[in-house]
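Now that you have both chains on their own, put them together as the hints suggest.
Protein chains in written order, with my numbering: chain A, 1 to 176; chain B, 1 to 423.
If you're looking for bench data, these hints aren't it; they were derived computationally from the structure. C-beta atoms are modelled at their ideal positions from N, C-alpha and C, and glycine is treated no differently. Among the clues, some could well be false.
What the hints assert, rightly or not - According to the in silico footprint, chain A covers these stretches of chain B (three or more CB under 8 Å from chain A): (1) 244-250; (2) 327-334.
Stated by the list, open to error - Examples of chain A residues lying across from chain B (beta carbon under 10 Å, computed): (3) R57; (4) L106; (5) A140.
Listed here are the chains, written in short residue letters.
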Amino acid sequence: MRMVFGILDRVNRAVYYALGFLLAIISIVVLMQVIVRFVLTAAGINIAAPWTEELARYLLVWMIFLGAGVGCRRMQLIALTFVINWLPPWLGSAARLLALCLCLWLFGILLVYGWQFVQLIGRSEMSPVMQISKSWVYWAMPVGAALMIVNTLAFIAEALMPGGDMRATSSLGATE
Amino acid sequence: MTFLVLVMLGLFALSVPIAFALGLAALPYFLEKKLPLIAIPQVIFDSLDSFVLLAVPLYVLAGRLMMTGGVARRLVEFAVSLVGVLRGGLAAATVLTSMLFATISGSSAATAAAIGSTLIPEMEKKGYPRPFAAAVVASSGELGVIIPPSVPMVIYAVITGLSITDLFIAGILPGLLIGFSLILAIVVVSSIKGYGERETFTLKTYVLGISAATRRASLSLVMPFIILGGIYGGVFTPTEAAVAAVAYALILGCFVYREIPFRDLPKIFAESAFTSAVVMVIVGFAFVFAYAMALMQAPQQIASAIRGVSSNPLVFLLLVNLFLFVVGMFMETFAALIILAPVLAPVATQLGIDPVHFGLIMIVNLAIGMVTPPVGVNLFVACGIANVSMEQLMRPLLVFLGVLVINMLIITYVPWLSLALIR
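In isolation and in its complexed conformation, chain B is listed as follows (with noise of 0.2 Å):
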């Protein structure tokens, strides 16, 4: 077994792709043992056909519809005039926006894209340095994988058989504590520091103005309760509700905002069909990985192993935890939790830590490695937007990541924040 992490972890450093990596690995315990090569297709066509996995390409798609077809803009538009007139209402409405967007899109990368071009931009205008903007916009977007919908929950829920809904659920109440406590490092920081003008308040323009942008944005902030409401009130399958999202996106981008011309459609389709089947491909091989894993009873070993050290589950979290952060800051976030996800689950499950919780413990430490160097797709994203280097984006970005982590730990040690709504 450990040969086997060992090949896998070599075949990452010489660049191999992820997905074939994986398949890579397996490969010497199938001609060792004699195994039927044919399993190999028969493991990927039984772990690909799945009607949960529609999800992915249908939410990846109805993030993009919703960022090119004025969808995003409206709700930016509507949390400035929301928080707005705080110290740091700028950056406060970036967080708020992207918790609007994250109830839409399932992605985080896509959600800090989204944000991060109307909202980097407007922060320097008002008087904020870039470094600090594109670390809000880093930081908040991680909130998209964490409040639902969230590809990555999706993916975890169809690697060990967990309902997507409850996950789902269980990111609503993380989700809201890491936005606000974001919000009020911000509010914090930007006192200190002085950070953005102060625009002068009357209740009067403040009313007007909030009744202004929410009559721009009243038909995309009906989406979240269509996605949410249908999933939570048990209407939706969390597939049915992607493609109403999509429906939802193209009506309004199309038709309502006119913001799609027709000729754009076929790029936006094969985009999101390719970047989502990119991901997929990932599933595949991951469960020839951990077949032959399984056939040498390794979740076992590991479980006794860790037991070994401590059989108490607030130190099996705790090493979770670590162990996670570190993976995080270097692995693809996908791929870490498609690896690790059946060989830490039955091992919490044993634990006896309920396994939604841990689904969601591995969800969201996993989306702070989105955001932590030298590996963190959010953090390209920002940087890419704001035109400023890693280096530069790190200090601003290190109270940002402490709160993040402390948020982490109080999720990991609070299961009633993930559990507290499953019904």
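With the rest of the complex left out, here is chain A (with noise of 0.2 Å):
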């Protein structure tokens, strides 16, 4: 078993600094774009880049999806705990494990019907200017919920072990 968490940690370690990789090139992207507009066409060359536009957007999807699978493994994401805090600790325990399960459901759900958005509709859209099919796209979504699921199944197991707690929860730091 803590074979199995050494692993999935060190997955998501790795997603993580993926994020930042993704909003890197995003970055590059993004400013690429700038220079063409005004430095190159300044200097009387124009030529126009409307891909970097198109991939920074595909980029923030994938960020976006990766992010919050990540976040399910130590619950990060934004949520109201005041709630289930202040009632007893088990009532607490008991509702968050509720949620977590609720939260299962929908995962199942962006899984499988994410899953057919890519067969059914990624594989015929082209992306207008990149030409590439849009399912690169549209996996962020199955591989997103599929880390969300995996992640909170083992959030669950770890909580359920001697000194867990399902209550817990990290808060993000200093920033929204």
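Here it is as structure tokens:
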């Protein structure tokens, strides 16, 4: 069991740093757009780079779904926890467990219908500028949902083990 | 519709994350009407695949880079040199720094954290009580989302389809009003209570101090001009201005001030990406919720219910103020904004209220929510840095809350403040 958690946490760590990598590429790509628009145009060179905007948007979609997936491991998604912390511990834990089961139901729907969306729509749709299959974008949902499911199950398993607390939350630090 | 809202509130109480609670609350409606569930991914992708939304992680990143890269500290030195000689000068400088920092950063907690970590210990050294120092930081931090750029404004624009540039510009005068009235309140309170050591004032040292601090901060002071000037002059879109801020902060932090070691960069990028992803995922599911609400014609129903009470826009605005104040006490600001904007904004438009002005009213209202207990992100940040309890913070905070509420009413009933600068 411990080994499973070890592997999972390594995966989450890798995804967490991948988020930073995605943001770095987004920054570079949008910066390129600015440079193309201002610097090169001022220099009399007229090249348009509409793919920069498209690529940045698609990477953003991946960043959001992967980020939400990682957030499920330590319950770092924004939630109101004052009710479950105010209730007696056993009741608060039961409420959180119910909440997590409901989340798992939603994640299952996201996984199944996200996958169907890739099959039915992503396959036939091409991105307007880059002309790549849009399934590259739409895979973000089933992949993110799978990560959410695995991480939520791991959170529940850890909370049920001795010393675990179902009501545990981790704050994001000093940022919204 | 009432059922949908009750389900949502129940899910919030169970501590279901806001994003998923919005998705789950819409599900019964989808199932009952036998709507194809494949509409869910469709709606989510349509809302998240947005160039405007890209501004959110970029402003968060720029804020992080400025905090760690030495920009924040230089702005503090600059503000202290300007107003440090007043009674309560250091506390006034805290507000001034928040205003400067807010012109670059789009988030209120980031503003409070960046400024609190340097200025709360300084204020304590100069004889301010710690709860007072924390209250100053918490309340001036809200300027981060009112003075442009502002992450909540970006999100509000995405939801309502307004121009972000207009919203940004609308925030300038209200932000100045709030900033200067907070400074006034600080000077008055400090004079009455005798906070802060008074330093001997000579014109020569004052001018020398300002010129030295301005020189040290000069490169950081250029940043507001790049961002605001670029957006206001119509040169940059807000997303482009955000990436310009990132690039400039990176150059200053890594090469000019050399306060960000390269090995810290992956961590800074990952943190920024993660914190903004967690906010943006709410946007995606809020659109699912709004989709179900729209199919039920809920905004129309709410609008007619409100008109049943009163069709006077001034009464409506007062009700909105009261309602948002209560909501802001208990709910996370972003979540409240994302859920309520699609419901309230159309009603306001029907009553003849300018949509940009109404957007600003919502932002200012919910920014106060960041400073009102029990749930207020600025309070958590300020208490954490100052190491005081929420109860200790309450007494000094009340004066500032009063100032903020008065400002909110002025901003609500004087549309000119929000609309004067928009062309």
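To test your reading of the hints: which numbers does this structure violate? Structure breaks no hint.
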